[in-house]
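Each protein sequence line maps, in turn, to chains A and B.
As numbered in our numbering, residues 1 to 546 make up the first sequence, in order.
As numbered in our numbering, residues 1001 to 1520 make up the second sequence, in order.
By construction, these hints were calculated from the structure, which means they are not laboratory data.
Some hints could be false.
[As the list claims (entries may be wrong)] A few chain B residues that don't get close to chain A, going by computed Cβ distances all over 12 Å: (1) Gln1204; (2) Asn1205; (3) Asp1255; (4) Arg1258; (5) Thr1339; (6) Gly1354; (7) Trp1476; (8) Pro1513.
[As the list claims (entries may be wrong)] Label-pair restraints from in silico Cβ distances: (9) A:Gly448 - B:Leu1293: 40 to 50 Å; (10) A:Arg148 - B:Arg1256: 20 to 30 Å; (11) A:Gly524 - B:Pro1232: 45 to 55 Å; (12) B:Gly1247 - A:Thr309: 35 to 45 Å; (13) A:Gly238 - B:Gly1247: 48 to 58 Å; (14) A:Ala43 - B:Asp1078: 55 to 65 Å; (15) A:Pro47 - B:Asp1501: 53 to 63 Å; (16) B:Arg1250 - A:Thr36: 57 to 67 Å; (17) A:Glu300 - B:Ala1199: 33 to 43 Å; (18) A:Glu140 - B:Glu1173: 42 to 52 Å.
We put the CB at the ideal spot given by N, CA and C, even for glycine.
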Amino acid sequence: VHSRALVLVVLVGCGAPTAPAHMAPDESVPARAPVTFACDESAVGAPIELRRLTMTQYRNTLRDLTRWSLGDAAHADAVLALAGFEALPIDRKLDQTIDQAHVDETIRVARQLGALLTAPERLALLAGECAIDADASNDEVCVSSFIRTFGARALRRPLDADDERFYRVIYGDDPSPSAAAYADVITVLLSAPESLYFVEHGVDQAHALSPYELASRLSYHYWQTAPDDALWQAAEDGSLLDDSVLQAQVERLLSDPRARDAMTELFSEWLALDEVPSGQLREPALQEALDMLAYYTFTEPAGVEALFTSERSFARGEALARVYGVPPWDGSAVPPVLPPGERPGLLTRAWFLTSGSLSSRPIRRGVFVRRKLLCDELAPPPSGVSALPPAPATGRTTRQVVEQLTEQPGTACAYCHASLINPLGFAFEGFDGLGQARDEQALFDATGAPLGTLPVDTTTTPRVTPEDETLAHGPAELAALMLQSGKLEACLARNYFRFAFGRLDDAARDGCALERLRSSLSKGGLRAMLAEVAQLPELRERRFEP
Amino acid sequence: MKRRVISLDRRQFLVGASGFALSLPVLSSLLPGKAYGADPILVRRPCLYWLATNHGGAIESSFFPSTTLTESQALFSDHPVAAGALRATLTESITAISPILRAPRDVLSERRVAQLNVLRGLDIAFGIGHHSGGHLGNYAGNESVGGVAFDAQSEPRPTLDQLLAWSPSFYGEHAPARERALVMGRRAVSFGYSSPALATGTIQNVRAAESSLALFHRVFAPHDSPEAARVPVVDRVLGSYKRLRDGNRRLSAGDRRRLDDHMDRLAELQRKLNAAVPVACAGFAAPSGDSALHVSPDPDDAVRYAQLYNEVAAAAFMCGASRIAVLGLSDDQRFVDFTGDWHADVAHFWLDPGKQDLIARSYQRVFADVFLDMAARLDVDDGTGSSYLDGSLLVWSQESGMSTHDPVSIPIVTAGSVGGALRTGQAIDYRRVAHPDSRFQPLTAAAETFAGVLYNQFLANVLQAMGMQRTDYERWGHRGYGLTAVEHAGTSLPFAEHYRDASSRYFQIASDPLPFFFQG
């Protein structure tokens, strides 16, 4: 969807630099995304309305709860394979809609899991021998104990007496062992609002979260699942509210492999990896991008400079490694070094370059860099400018065709394309649509017959900031200008904020948090930024509107 | 009279299912002969199937019939509307209404031609650009970034499938046992309220079923019979939400709204669990494939993908399990052999003969293998002497007109007469032909066309054919269904001159019957 929008921006032209009525004045100035954020200590962030677990988080939660309940991961995984998780909808953090499929499918999965966990061979593992023995005297204790222990982990906080009564009623008047009754209790617990949502009441009028609420926030942020025993313990004894304990917990969470998996979602959303066109190299290209990000976040922690200048290949598969001219990476050793100067940084890799066909897409590349990596707004096109391309040209390079199409002086298209979009894309014309390096572009006629070649031109004035007229000769120099501008760091900080809090950022209200994230990224690198979020009031507190 | 519903318990279902689990084909002879017609309560009600394809870009001379339009009626004194019977040319093996609207003779029979309509000259009156919800009236579901289309993003409304699904005028007390509307395919075309039962809250995309087989099981498999002695578990779940919603623990107003939305969905689930699958549905076997397994960019795979959804929708219509289905096809489903970026390499180059050929061949396959496939599935005696197709309406809409991204003269193909409410077998041209204020020349005079009437009016006619009254769908004093807005002057689109403004004559008639189409 977004890729379509990007292309539409380009093809319908781009508006004059005056502010359209629907845009705030500062938004109307292209290429003016902030490089730092003003912190107004008195500003209050937008309130959060009852956030829903993503279905990834819900799946992970049920997986870990099942493993915890059965005490045997292999056994639990065999059970989980039958739970029908595959029917759960796929969603993203920023998509907080509640639709019928969420409700229907989560209850169906909860029922299925309830039935599986209470099968005769598992009931004792789940609730103890008392759930299957013939001793009627322990039945009531058995049920109550199960509700209290399993319920606490399912709801992610201890149950109070009222909670216990509510779930005890679900079991039924008769406390004698009943798989169906236990299954019902499990179903309701796993479908309850405290399971499916981040239900947060806070502890006082100062908006502080309870230790259990904080534990959940940390755990779901860094691991996409419910708190483990250590975090639970820190919540239970209240020590999690202590700064040093919290910091130690964050360190522990970040050092766990689960953090890598969780941050895959951050990186995928930031780079819109789901929009990479299909093709044979798609999966290896996505894997390489994620490996590269994980490497500079966790394995060799570094900042955005390493990310955008690295000359190491993270291509694991033969085919992609062959495109790069290096041996495949085994995933654990030091990654191979690429031919010098040929592919510096994240933007010279297949995930970004591939277009689904041989043709490069400089407009799409330019819009992506402008919007996703620099966080610049592109002014809307004037109304009704038609999306009509010229007849396809033969005998000219892609750059020449695009220039002819979009940069004619005096046209509505030229303002944005000539100065803000195309130059960013042209810097990558040294790579075709399959990600292969090239100095010349092969040309074909309408029938596909070869017409010869023309040299590609990667020299541009990218205007990373509006006043910067520095020339860039290819991706390395463009990356240097982007790094020098500070916009890469500010933009990534904004993306991380959105990921962390499941809402869009607001520079006026969230300036303090954004600046802390940006600053930590700038000074300490990617991993430091991930850690910093736990120090923010936005993560430790919850504000309530009436 | 009390509604007559025959319910099956799990055991009965399994006994019945054992046969068709072995994949007996769906045979009309298996259907109850008097399922609806003989029952004054379960009288046949119209079904709506909507096939939405993106881009458009089919040049008009390829898409529309060259049939001589013999009838004319003045919409306004300076705007005649023309119509004529669809004429097919026959070769040994092919029936052709137009270069695109052609199919093998056994697929596009004389009978089928008489059940179709081809409508020309329906416009969305602003540059909506790419959209997904526009097919069904949510013009806010667009991806434009400027002009009226951008402003429209702040005025979402449900798509008409969701409006129908939750309207008492459509289902009334006969809401289906499982799915009010089958939302299918990879293109997000359906939008509804976050609280649909109350028609309140935000407008959000209605998630499409990603697997036709899972959808079939959702629609046709009866729920497990609850243990008689136990309170249904969904009631208990609902209780857990009420308890939090109404309890003493601190929540924000926004939290409560979200809980309300969730409880609405629980109530809908409860309703579905308490309803019984119509007994006629027991005659349908699970499809022998699953759309989720046919997602490669291969033309045959694309056809199979769509037909598997058709199979579920047709079965649901025929047995009364649902009366609405929408299928959104995206351009990464390739109905012709093509590798690359369809949007950038083909759709934008619709004037290039080679690319136009790809577009035309692609749409020809959609018509012959998807749209007519659904028509054929429903052209079965419904027990009253007419067919399910005759009692229904099938619509195929495209995202744009012949000029990719431009909503001028969006081509529409329909099938079925909704029990005679619609005339069929016609080509109808609503364009204001030859009038200079209505002229649209995308790039070249060779591709000239004209603005006609509002797409809003077509949507309103569909709603009326489905039994809706104006009061059921008109909002804010505006007629028709869809946004009331016109692209302003100074654009290449002809709308400012033709439609003038939102109070102009075309908006005034936007709920009126379309000439030659709707006969009530």
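- Query: Any of the earlier hints contradicted here, and which numbers?
  - Reply: Result: hints 1, 2, 3, 4, 5, 6, 9, 12, 13, 15, 16, 17 break, sorted rising.
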